[in-house]
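**Q** Sequence:
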Amino acid sequence: MNFTILKKEFSSLVGIMDSEMSNHSGAVDGTIPKSFFNVKEVGLGIKDRYLSSGGGIKDNSLLKSRDQFKRSNRQNIILNLLRKKKELTIKDISAVIKDCSEKTIQRELTSFIKAGVLKRTGERRWSKYSLA
1 MNFTILKKEF
11 SSLVGIMDSE
21 MSNHSGAVDG
31 TIPKSFFNVK
41 EVGLGIKDRY
51 LSSGGGIKDN
61 SLLKSRDQFK
71 RSNRQNIILN
81 LLRKKKELTI
91 KDISAVIKDC
101 SEKTIQRELT
111 SFIKAGVLKR
121 TGERRWSKYS
131 LA
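Just so we're aligned: the sequence shown equals residues 1 to 132 in full-length UniProt numbering.
FYI, nobody ran anything at the bench for these hints, they're computed from the structure. In this text the structure is predicted, and so the values were computed from the model without any measurement. A hint or two may mislead.
Pairwise CB distance ranges, derived in the manner of DEER restraints [as the list claims (entries may be wrong)]: (1) Lys98 with Leu13: 58 to 66 Å; (2) Met1 with Asn73: 50 to 58 Å; (3) Thr4 with Arg125: 20 to 28 Å; (4) Ser11 with Thr110: 57 to 65 Å; (5) Ile113 with Met1: 50 to 58 Å.
As a list, the in silico DMTMM-like pairs of lysine to aspartate or glutamate whose alpha-carbon atoms are at most 25 Å apart [claimed, not checked]: (6) Lys85 with Glu102; (7) Lys34 with Glu20; (8) Lys103 with Asp92; (9) Lys128 with Glu102; (10) Lys86 with Glu123; (11) Lys98 with Glu87; (12) Lys91 with Glu123.
Glycine included, C-beta positions come from ideal geometry on N, C-alpha and C.
Just need the whole structure built from these sequences, with the hints factored in.
**A** Structure, rendered in C-alpha cells:
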C-alpha cells in the first residue's frame with residue numbers, strides 16, 4: 001500500500017517537473033532552474049484561517065463546583081469508613097464507593113497521606129490505610 005502511494009506521488013512529481021522543464025528554456029542540460037523552486041503565495045496563512053466558534057472563554061464554575069462537591073463527598077465517605085474500621089485496603093473502599101475506579105480512590109488516599117491525614121502500612125497490593 002505504501003509503495004503504491006509513493007509510486008503515484010513520484011510519478012506525479014516527475015510529470016510536474018517535466019512540464020516545468022519544458023516551459024523553461026534554461027533547462028537544456030537536465031538541471032532544474034531556480035525558478036522551479038520559487039513557491040507561489042497561496043492566500044491565507046494558517047492563523048488567518050482560524051474560525052472562532054464563540055467568545056473563547058467558557059464558564060467552568062458550575063463544573064468545578066460539582067466536581068469539588070463530588071470529590072469532597074468521596075473524601076467524606078473514605079474518612080467515615082476509616083473511622084468505623086481501623087485499617088482498610090483500596091478493595092474495601094472500592095466495594096463501598098461504586099461511582100469511581102480504584103485508581104481514583106488510590107489518588108484520594110495518596111492526597112490524604114500527603115496532607116498527613118492518613119498513614120499507609122505495607123507495599124502495593126498489601127497496603128492498608130489508617131487514620132494518622
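**Q** Taking the hints in turn, state whether each one holds.
**A** Hints and how they fare:
1. Look at Lys98 against Leu13: about 60 Å separates their beta carbons, and that is inside 58 to 66 Å.
2. Between Met1 and Asn73 the C-beta distance comes to about 52 Å, which sits within the given range of 50 to 58 Å.
3. Checking the proposed 20 to 28 Å range against Thr4 and Arg125 shows it is violated: the Cβ atoms sit about 51 Å from each other.
4. Separation of Ser11 from Thr110 is about 59 Å and conforms to the stated range, judged on CB atoms against 57 to 65 Å.
5. As the Cβ distance of Ile113 to Met1 is approximately 52 Å, the hint placing it in 50 to 58 Å holds.
6. A distance of roughly 19 Å separates the Cα atoms of Lys85 and Glu102; the hinted pair therefore holds under the 25 Å criterion.
7. At most 25 Å may separate the alpha-carbon atoms for a hinted pair to count; Lys34 and Glu20 meet this at roughly 11 Å.
8. Distance hint between Lys103 and Asp92 is fulfilled; the C-alpha atoms sit about 13 Å from each other, no more than 25 Å.
9. Of the supplied pair hints, the one linking Lys128 and Glu102 holds, its CA atoms being roughly 14 Å apart against a limit of 25 Å.
10. Taken as a hint, the Lys86 and Glu123 pair is honoured in the structure, with Cα atoms around 18 Å apart against an allowance of 25 Å.
11. Note on Lys98 and Glu87: the hinted pairing holds, with a Cα-Cα distance of about 20 Å set against a maximum of 25 Å.
12. Of the pairs offered as hints, the one joining Lys91 and Glu123 holds, with about 14 Å between alpha carbons and a cut-off of 25 Å not exceeded.
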